[in-house]
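One letter stands for each residue in the lines below.
There are 2 protein chains.
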Amino acid sequence: MENEFANAPARSDKTTLADAPIGVFDSGLGGLTVAREIMRNLPGERIVYFGDTARVPYGNKSKQTIVRYSRQIVRFLKTQGIKAIVIACNTASALAIDEVAAEAGMPVIGVVEPGARVAAKVTRNKNIGVIGTKATVQTGAYIRAIHAIDPDINIIGQACPILVPLVEEGWTHDRITDEILMRYLDDLLEHGVDTIILGCTHYPLLRNAIRRLVGPDVSLVNPAYETALELERMLGQKGLVNTSPIEKDAPYPYKFYVSDDPVRFTEFANSILPVDVKKAKIVAIEEY
Amino acid sequence: MENEFANAPARSDKTTLADAPIGVFDSGLGGLTVAREIMRNLPGERIVYFGDTARVPYGNKSKQTIVRYSRQIVRFLKTQGIKAIVIACNTASALAIDEVAAEAGMPVIGVVEPGARVAAKVTRNKNIGVIGTKATVQTGAYIRAIHAIDPDINIIGQACPILVPLVEEGWTHDRITDEILMRYLDDLLEHGVDTIILGCTHYPLLRNAIRRLVGPDVSLVNPAYETALELERMLGQKGLVNTSPIEKDAPYPYKFYVSDDPVRFTEFANSILPVDVKKAKIVAIEEY
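Chain order of the listed sequences is A and Z.
Here the numbering used here is used: the first residue of the first sequence is 13, the next is one more, and so on.
Here the numbering used here is used: the first residue of the second sequence is 13, the next is one more, and so on.
Because the hints were derived from the structure by calculation, they are not lab data.
One should not assume that every hint holds.
With a straight-line cut-off of 30 Å between C-alpha atoms, the simulated DSS-like cross-links for lysine-lysine are [what the hints assert, rightly or not]:
1) K90(Z) <-> K75(A)
2) K138(A) <-> K290(A)
3) K267(A) <-> K291(A)
4) K90(Z) <-> K146(A)
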């Protein structure tokens, strides 16, 4: 697979590692909420996004399978001349970050640690709820990450398998979705949580509904947003911030790859991203 | 992969092709409703079931991907010394039956044709509704199969992407599921359908709820049941009926393989099958 960025015209006098794109991957569409926050917070950065739409969802799969899939994706992203990797999927962050970091040979950021750090900071009563896929909740990754900061914090996990299909059906402002959300959130609220981590990349798209249901006193932590901030800090520390502006006639700074169904992906991407997305390209990810 | 049946003790004086098992495959758990009907209607038949739990669901994937996955599964099933293949997945039946038949070199039955045939027979007002995954509905496979029998029949498709997650969450008797079902079924009922095809293998598990909502005058066609009857006819015609009884001390007549998470699969299988299911085994299906 060629490196499309390597063939692009030089954007400044000297092309450095800092000019290289950031690799972002997810099990499918949801990670676009992370890409969105990176675009907003780091408008100078190029992005190569991979969505594993052929094998989505990851949330009900085993660690072994998710590690294998994540490794294949890292091998593909490395062909794109990237400078860092963001795992924009809670399940893959929870289950495969160590293996991805070992494979990558470059800085790797997942969504779990930044989300955990902010939740530990904002909770006042030390009662945090985490909603996510079965795999994310069962692995206890958020619990470990929060307890590493403050072992006295009480964390309650709630798997919410119906929420991703509801978002993908487009029922984000819907009475039925509200009812299902209340069923999932009731237990957390009864336990008196004052902070809820939106532990799946689809859930920020339900943020308004969740806010309405839980009221103004519960903090909602969006790991996608926190991850973009963490990425900004890390790039700064390592001298990897892209300082060459994206010029008007420069090649489009965002590339999108998927393992299946680029049409549906492109539609969804255009519905949530602040930029026009050209058609995503298909990658035979099993061959990596 | 060894053929476990070939190593089993002979069940009669002469082991013939008729004694061989039937290969049944699905994208995951849903095809167990087809296996259940085969077990009930053909108690003398051995079954090798493969559920592609690592890559489930198929319903939102492209034809190209589903054909590739189906071919890998057929190559695996053929290592098991089978005599026929049942595609127990509406999406794979709709999108890949020709390719599977070409690869198999043995009789292949999908669930679409048997379901279409019965629906065409039972409709009185020639208005049929089909509910299924996006892929199944978009492909128009049921429309083509019904029109081949009677081009005057009017068919209305309705994709119902939330139903599979609801069944897998166990909410089969639930007010929320009833509400979602009504939203999906309303349009079909307004069009005056008198017959509805349950065009996804999970849906028979919602049959009671659907029956209650549509009333007694709408015929519900379960392709799983019709497929078992079709299989019985086909085996009879080709002299492939297994006439050697399953003896008490014979090896367990049903084998279950999955591509991921055998524990969850085995739990689900035990909740819907009339037999005790031993732990399913994992197959590295990408290697076939």
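Given the hinted pair K267(A) and K291(A), is their alpha-carbon gap at most 30 Å? holds (9 Å)
Given the hint that K90(Z) pairs with K75(A), test it: the Cα-Cα distance must not exceed 30 Å. holds (29 Å)
Hinted pair K138(A) and K290(A), Cα distance within 30 Å: Cα-Cα ~44 Å, so violated.
Given hint K146(A) paired with K90(Z) - CA-CA distance at most 30 Å: Not satisfied, since the Cα-Cα distance of roughly 34 Å exceeds 30 Å.
This entry does not satisfy hints 2 and 4, going by the numbered hints stated previously.
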